[in-house]
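Participant: Need the complex rebuilt from these two chains, each delivered in its own frame; the hints are there to steer you.
Chains as they are written, first to last, in our numbering: chain V, 1 to 442; chain G, 1001 to 1292.
Fair warning: there could be bad hints in the mix.
Okay, derived cross-link-like pairs now, SDA-like style, lysine to any residue, Cα gap no bigger than 25 Å in a straight line [unchecked claim]:
| # | chain 1 | residue 1 | chain 2 | residue 2 |
| --- | --- | --- | --- | --- |
| 1 | V | Lys198 | G | Pro1130 |
| 2 | V | Lys252 | G | Tyr1238 |
| 3 | G | Lys1254 | V | Ala114 |
| 4 | V | Lys256 | G | Asp1147 |
| 5 | V | Lys428 | G | Asp1147 |
If you want the ones that stay clear, here's a sample from chain V, every Cβ over 10 Å from chain G, calculated [what the hints assert, rightly or not]:
| # | residue |
| --- | --- |
| 6 | Ser59 |
| 7 | Met65 |
| 8 | Leu172 |
| 9 | Glu183 |
| 10 | Glu186 |
| 11 | Asn271 |
| 12 | Pro308 |
| 13 | Asp309 |
| 14 | Gln359 |
| 15 | Asn372 |
| 16 | Gln387 |
If you only want the chain G side, here are some residues facing chain V, beta carbon under 8 Å, derived [said to hold, decoys possible]:
| # | residue |
| --- | --- |
| 17 | Ile1080 |
| 18 | Gly1235 |
| 19 | Pro1236 |
Hints in this document: simulated from the structure, not taken from any laboratory.
We treat Cβ as the ideally placed atom computed from N, Cα and C, and that holds for glycine.
Chain residues, written in single-letter form:
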Amino acid sequence: MKKKGFVQMAAALLTVALISAGCQNADKDTGAKEGKSSQTVTFDFWAAPNPTQQAFWKSMADEYMKDHPNVKIKVSPMPESPSSEAGIQSAIASGHAPAVSENISRGFAAQLAASRAIVPLDELKGFDELIEQRNMKTTISSWEFADQHQYVLPIYSNAMLFGWRMDILKELGYQEPPKTYSEVMEVGQKLKEKYPDKFLWARADLVKPTWWARWFDFFMLYNAASDGNNFIKGNQLVVDDQAGVKTLQFFKELQKNDLLLTREATDPFENATSIMVDLGPWTFPYWAEKFPEMKFQQNYALSLPPVPDDVDPSKAKTFADTKGLVIYASATKEQQQAAFDFIRWVYSDVKHDLDWFKQTNLPPARDDLSINEAFVSYLEENPQLKQYAENIPNAIPPVDNEKTVEIQELIGKEALTPVIKGQKTPEKAWEDMKKAIDGVLK
Amino acid sequence: MNKTTARLGWLLASPYLIYSFIFFLFPLIWALYLAFTNWNLIAPDYETVGLQNFIEAFFSQSVRAAFWTTYKFMLMFVPIVVAGALFLALIIHSLPRLKGLFSVGYFLPYLASGVASAIVVKGVLSYNSPLNIFFRNHLGMDINWLDSPILAPLMIALMMAWKFVGYYALLFLSGLESIPKEIYEAAEMDGAVGWKRFWYVTIPMLYPSFYTVTILAVGLMFGIFTEPYVLTGGGPDYSTHTWQLEIYNQAFEKLNAGYGTAVAIINSIVTFASILVFRKILEKWGAKHGWE
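For reference, chain G alone in the conformation it holds in the complex (with noise of 0.2 Å):
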């Protein structure tokens, strides 16, 4: 590479070389030195603490709470969204006509303001709403839906699969449509057909697919916010509590800005080896079945 190339080269990556320093490297250089202290942003002055924080944090009800509340929220969230993004994209890769149209139909929940969503969902299960009068008049059933440490986690779990589920099932389409002709040809000339098709051809054959919506799935539950803000406000009893809430809380509410980066931290440093402890396991299983 001669210095004019170079030269070239840096000028083109620059503008976002620019904007990676002032937008991304900066603000985390300063998040980590504000962890530190006990700055809450408009004092004129602060003390750095140490570790305080992070011990705090690491002793504090409510980022437990945000832990466990995260996996919880997965458990519910994850086999839910990948089993229903797979069930769409089957059935609109099935279709003989209008696929495009089908698509984008359903992707529009993921266009959708996740606060009016909120909005919505808070009616449709408010006391007085149509679908609670059925329960109770014709069922004899009563559900507190948003006041139940399972019913309220659920909800909100169920409320963004039916949010996430056209956009995931746009990747599993993509998947679907590039596994080749042939392949489904020469399993069926040794016998796969009907469920051992799908079992043992596609369901490996769209590994990159579940790769990408399970990581993607998995790396959302660690920025629930919206949700759980308009429905619950993390309760009852923190069983809706997530790690944006928290940091929301301490830096915005309490103005504990210094804890608060503090547990984004945490929550960063969580993130990151919950994603790669998902990765290995799929790459495992990916691997199985001839993905190196």
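If we strip away everything but chain V, and leave its shape as in the complex, we get (with noise of 0.2 Å):
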């Protein structure tokens, strides 16, 4: 009776089971086949989880919506779960990815393509037009993959730059920001004489392990030093030993000189416990809101970083923290094409870019930014903005490997944090970190 009771349960279950998947693929096939009886294409955009980037996006949907009647586009913001990246990786898992997003970073595109989740954007049709319209040749030739294909397409491009408080270097006698290691520590040795108390650079990430801190530390400084040497082509470590070397030894030379504050503080450039810090445009309106003093070449302003002695400091490079837009794999080809023929109308009217930049304060990846009469009077009365413009051909995007976080948390932990913590040589730091990450590539 109790075996019999047993088995009847479990067959119950099982039923349920099977009718819940069975109803979820009728789902998705009344969809597909909706789509195409009636000729009308259905797709869902991923918007990056922020209100304004949303925005943003769903009036560009809307626009093409009204003179695509055969498109339908379902705007939503991505699930952060606890992160975005894993909100999508749960999405393709369970079927449920959409077929275009944004907000999708050089490195975990690297991970999507090598698992085949995207879909390499040049093969699509009209890639090259888009590129060309948009005027983004330079901007995304450093964004090519190691199978020379394309699979992301960047929206914005945040060339990230160092911020100065001009009005204690002032105090110190420059009119400027220093550009070069030496000027650096000048700089730094007048700060403490002057100001014991102060840092040149707050920054408690530089001794944490979080792996994706090491863009606005390591790298921006690696590629000021190197001329934006590639770190990785495809599965070689291919870092400029002499830059990195220097990079590592400048990290010394602060921390001996106590110009670094590694530990957790509150506003430290705004309330001038130090007076450099790494910063990107998304810190201006919060600037606006919270610290309306801080005027741009009045008490701050902005340079590229710093570089060892012997280079040339107008030639330097820095870090572009830069995300994009995908198309899945998992979408039909139909969904596919239409999503990129959406993308292409977007970036096909520099106005739309204009509406972009002025909504989400990110400047646009392409390579006119900083001459494009359509921008010229926004950044006109941005000032500050001007230099993130100019200096997107000096930017460098993330590495497109697709273990990008195993090798940023192994230049974290044998090479930046022990050397800053004095536990290792620049040199004995960098030929670990090598091996590390040479184990990791294998």
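Facilitator: Here you go:
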């Protein structure tokens, strides 16, 4: 009796599971069939979980659908459970990925591309026209993946700059930020003489294992020292040893002279606890709200990262904090092309990029951002953004390796943190890091 | 039991059974399978790798760190939270009125978001916080709270103790309320008053509460994520690296879902074994005081 009851129950559970699984597939089929029978292509667009970006894509989709009644675009924020990358991973695993999404970094795109979860955009009809129309040939050239394909269309590119407290620099006798390592050390020395409690750079992440933090410390300075040398090509470590050791040596000198604050501090640059900060344009709306006294060229200035003394500062490169659009392999061919046509339409009009820039403060990834007339008046009204716009061609995107997380963890663990803590010499740290990364790349 | 009653029983139990099947049993079976693969959840194909994930985890520095960190947290957190909760419960118990109000007040931190609490603590411990400025200016002490392998876990343990002490105090309070007055009267007649009464009567009589609170606190240590994620990222030198951080990093940052699942399974086994050991110790202590 008991056994029979259990078997009946198990059968019931199995039926429920099968029915729910069946319903799921049925929904999917119906959607696809509907799309075909009525000649309407429907696809999902996941926008970044940021209200301004969502609003931009929603307005673009609404405008596009007015002129293209056979296309239905459902714009929604990408889930962040617990991160947007994890949300996308879960969506792909459960078969609920959108046709297209933004907010994809190059490192994550490399992971997706290695898993064949996204499609090469350069194989879609109209890719070359898009690049030409949007004037982004130079910008996108550094985005090519090791397999010579383009998987991501960069939307914005923040050429990361350093902010300097000009009010304090002026007190120390300087009219512009230092450009070379020696100049920085000299400023540091004068700072400590006048203000022993202040620091040059306050950055707690320098001694934290957080992998992405390396973009905003190590890579900014390494790219400047190495003329934007590729860190990894394909599965090969192709680092510039001399530049790498000099970068680490610079961190060592900063720490030795008590110029680094590697502890958590609340708004240290704004409160003038430190006089230098790695700065992206997303900070300006925050300052406008919380620190209205922060005025460009009055109490702060922007500059490219400092370089070793034997490098020309005017040719310095920096790190590009940049994200873009990808199209997912799980979408139908029809949806992929429809999604790409929508993207082409968005970027066919420079006005859309201007709207984006105004709404999000994120510089569109275009070669002509600082010279195109459409942006001139906006950049004149916001001069602090002009330097970001001018440096887009000098900004190097993250490495395109699927092991980006492991690699950047090792940069911190084997090189940066031990050098700052005085546990290794820059030379040994660099060699240990290379050895460890080689192990991961094998 | 007749057939109709049996069917009714199954029918009434079915919502829970279906829920458990979908959300517990099926994911568990799936996880057991996933742990033996190298799947990242997004690639169209993957391979079964036998015990490789478990062997790698066994030799991994970060997994070993997570293992030891958990016990380090336990050593700090469990005594603090148990003693703190008991102390709080005794104070509330002794109040002539407004017991409910105070109980709810101390319970509130438990309801606070972990992320929000961690951000507040980060601000309090930051270099330029009023607390640190006071320490530097008046006591000549410059304390690096979150970059010391001893202080960083201690700060996290204290923060968690603050969050959970009110909740556990409620469990002790219910234990205190349930001790019959007659026992105290009898003890008093036998000369047990003051400290003796507390030590030889109250504490043994609170055994069920001690048992519950200790097991809950020990179990909690295997699930720490938010606090180290926000405050230290697992550093310095893995001193606050927990099981959940390791699982999250592997499964969602590095997309090693198969390996991450293997670590999660090892975590479950270690949790189960540790709780079993603590149960045995507590039961032995209970038996000594007549709790069989």
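Participant: What hint numbers does the structure not satisfy?
Facilitator: The structure breaks hints 11, 17; every other hint is satisfied.
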